[in-house]
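Going line by line, the protein sequences match chains S and G.
The first sequence begins at 1 in my numbering and counts up one residue at a time.
The second sequence begins at 1 in my numbering and counts up one residue at a time.
Bear in mind the hints are in silico, worked out from the structure with no lab data behind them.
Quick caveat: nothing in here was measured; it's all calculated off a predicted structure.
Note that beta-carbon positions come from the ideal geometry of N, C-alpha and C, so glycine has one too.
Heads up, a few of these hints could be off.
As the list claims (entries may be wrong) - List of simulated lysine-lysine pairs, DSS-like, C-alpha gap at most 25 Å: (1) K3(G) with K57(S); (2) K16(G) with K113(G); (3) K110(G) with K57(S); (4) K9(S) with K38(G); (5) K38(G) with K16(G); (6) K110(G) with K70(G); (7) K3(G) with K70(G); (8) K3(G) with K110(G); (9) K3(G) with K38(G); (10) K70(G) with K9(S); (11) K110(G) with K38(G); (12) K70(G) with K38(G); (13) K9(S) with K16(G); (14) K3(G) with K113(G); (15) K16(G) with K70(G).
What the hints assert, rightly or not - Derived, one-sided and incomplete: chain G residues facing chain S with beta-carbon distance under 8 Å: (16) E44; (17) F47; (18) R50; (19) D86; (20) V89; (21) F91; (22) L106; (23) K110.
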Amino acid sequence: DSGVTQTPKHLITATGQRVTLRCSPRSGDLSVYWYQQSLDQGLQFLIQYYNGEERAKGNILERFSAQQFPDLHSELNLSSLELGDSALYFCASSGQAGGTDTQYFGPGTRLTVL
Amino acid sequence: AQKVTQAQTEISVVEKEDVTLDCVYETRDTTYYLFWYKQPPSGELVFLIRRNSFDEQNEISGRYSWNFQKSTSSFNFTITASQVVDSAVYFCALSEADRQGGSEKLVFGKGTKLTVNP
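One chain only, chain S, in its complex shape:
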């Protein structure tokens, strides 16, 4: 158990809909990262938050957005869903003081868009 929790574990929805994925980082970690794993693109970085502020952006679509709340949990919002958004979405956390960072991953949310 990495200590990172993600809900829900599975999500099935229809095209055009909007969903929210939730992540709670390990206790004490300040950084949250979101990654998407799909068959064609592999594991790709989407976005990083550090202590509530956006730190870095990767290949995140404009239809996707994220935020990190004061209690450090994070949510990834996916809207106007398309079939191609079906993927496994991982959250990772890191950021213990001292900077010797390892990103620990949650169990992932499997999104299926029908």
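Starting from the structure of chain S, add chain G where the hints point.
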């Protein structure tokens, strides 16, 4: 730009064989981190090891060992006496160091699917 190449897409071995998973990386940074993660059939990503660019010592952990060579930009992973439970997809990843010395986004290779047959 950073890049990680895992040339072996799939490897199949028989239990108790040794197997080496190759990882070659590209980066312009002098300070970076290298990682290996395991993704078993259940789907989670399990951290195995982190190496920083200044530490070229090889590491052994039980049946697992890692060979880091900056001269060839490689960070290879060897499983000795493989077991069926080692069957998984293994990912090599690279990250730059941020201003505080922590790691930033991970750039992953495509992964190597290892199947260990009884």
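Please flag the earlier hints that this structure goes against, numbers listed from lowest up.
-> 10, 13, 15, 19, 20
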